[in-house]
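Same order as they appear, the protein sequences are chains A and B.
Note that numbering that gives the first Met the number 0 has the first sequence beginning at 0, numbered continuously upward.
Note that numbering that gives the first Met the number 0 has the second sequence beginning at 0, numbered continuously upward.
It cannot be assumed that every hint is accurate.
Under the rule of at most 27 Å between Cα atoms (straight-line distance), these lysine-lysine pairs were calculated in the DSS-like manner [as the list claims (entries may be wrong)]: (1) A:LYS112 / B:LYS119; (2) A:LYS124 / B:LYS41; (3) B:LYS27 / B:LYS119; (4) A:LYS112 / B:LYS176; (5) B:LYS41 / A:LYS28; (6) B:LYS119 / B:LYS176.
Worth flagging that the hints you see were computed from the coordinates, not collected in a lab.
These numbers come from a predicted model, not from an experiment.
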Amino acid sequence: METLTIPASKYTPEIELNAEQNTITIKGKSYPENTFDFYAPVMSWLQSYFEQDKLPKTTVNMEIIYFNSSSSKLFFDLFDLFEEAQDDGKEITVNWYYDAENESAEEAGEDFKEDFEAMDFNIIKK
Amino acid sequence: MGNDDKLIASLEAFLTNDVETLKENVEKLIKDYTRKSKRLDKIIHQSDKQQRELLELNEELERTYEELDEYKNHLEEKVEEGISEIKGLNVEIEDTQKEVVFTMGAIGESRSKETGNHVKRVAEYSKILALAYGMDEAEAEMLKQASPMHDIGKIAIPDAILNKPGRFDEAEFEHMKRHAELGYEMLRHSSRTLLKAAATVAYEHHEKWAGGGYPRNIKGEEIHIYGRITAVADVFDALGSDRCYKKAWDDESILSLFKEERGRQFDPKLVDLFFENLDAIMDVREQYRDLFTDENPQKG
Chain A
0 METLTIPASK YTPEIELNAE QNTITIKGKS YPENTFDFYA PVMSWLQSYF
50 EQDKLPKTTV NMEIIYFNSS SSKLFFDLFD LFEEAQDDGK EITVNWYYDA
100 ENESAEEAGE DFKEDFEAMD FNIIKK
Chain B
0 MGNDDKLIAS LEAFLTNDVE TLKENVEKLI KDYTRKSKRL DKIIHQSDKQ
50 QRELLELNEE LERTYEELDE YKNHLEEKVE EGISEIKGLN VEIEDTQKEV
100 VFTMGAIGES RSKETGNHVK RVAEYSKILA LAYGMDEAEA EMLKQASPMH
150 DIGKIAIPDA ILNKPGRFDE AEFEHMKRHA ELGYEMLRHS SRTLLKAAAT
200 VAYEHHEKWA GGGYPRNIKG EEIHIYGRIT AVADVFDALG SDRCYKKAWD
250 DESILSLFKE ERGRQFDPKL VDLFFENLDA IMDVREQYRD LFTDENPQKG
């Protein structure tokens, strides 16, 4: 599978979906004008990725400074996708990074962790 | 299984009266509904919290802008105050420098019981000649300030010689001549333009255009223009004043001496300029003439 890279813009995060290193990285702000259109290639890449057999452990690194409510909704969908893949036997670790001064990013990480209690979900202060 | 599938499965179970399946599917639906409902609360809560944080950041930014603006205005004021203070100090430094230099010259003169007005007149004559020679205003003004120090070396000459009435014997004259070199030694170490000029004036104001002067017996343009100008100014004023060893000369004798010494003791070009500017020079002499009253009797 090809690596999918989307560089950061003023309102959208930097994204790297790397099938060789089995890492999924989303870093920055998330205020796309149309959130579901923006993340559509990400979701479809992930669906194909998790359809692979004998996948080694996948690490998800997320460092989202600020995000709008539709991005939050999308992140729930994203974690649903990870949860389904895990139910399907794939090994996944999620690392949610936040800046010590960014209280809302920390709380959001806790919200996601709480919803996906069966997942290996780490909240990491930078 | 998606929610629609669960709903259809529930309806089928209801219609077929399959109570177990119905119960199972409805429970799944409720569980799913509860989870989604919690997510909605979380999304709203996250959004509210971020909005508030962004609002706070925005307010902080506005406050910072205001502070910055205030600081900027204040800074401009401070800079202006600072500049005007520096200007004031600069004027004061320049005035102090002029006064110190003038006082130094006056000290040299007072030792030999000459009047303070002598240095004032020499200063003004030097400037007139400097401008006539082609120097710019700044350099002419500097020479005006430096020329009063031409005799500063006299402070190192003993009173007995300096104030001796009548003529010097040869040894005394040799001693007296040392004032040029002594003045130069006093001033030459300074890096200030004014004091350097003063050192040159002290060193060379007794040199003669055709040679034969002291301390170095240099001639022509080997003698710095500052020295040549001060020589004319000093001699003109000295001849017209009473000194402890002589009476003042009349103007006719003085002027004829300058004509005679044109190209001998003095730079011929400067003698020509001296005569061309004689009116201005006489005005200065009149303006700064020595006044003697009973309270301030002439000494020497």
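Results for each hint:
1. Of the supplied pair hints, the one linking LYS112 of chain A and LYS119 of chain B is violated, its CA atoms being roughly 94 Å apart against a limit of 27 Å.
2. With a CA separation close to 21 Å, the supplied pair LYS124 of chain A and LYS41 of chain B stays within the 27 Å bound.
3. For the hint pairing LYS27 of chain B with LYS119 of chain B, the CA-to-CA distance comes to about 113 Å; that exceeds 27 Å, so the pair is violated.
4. Proximity of LYS112 of chain A to LYS176 of chain B is assessed by CA-CA distance (about 102 Å); at most 27 Å being required, the pair is judged violated.
5. The straight-line distance between the Cα atoms of LYS41 of chain B and LYS28 of chain A is roughly 19 Å, inside the 27 Å bound, and the hint therefore holds.
6. Taking the CA atoms of LYS119 of chain B and LYS176 of chain B, the gap is about 23 Å. The hint holds against a cut of 27 Å.
Consistency note: the structure conflicts with the earlier hints numbered 1, 3 and 4.
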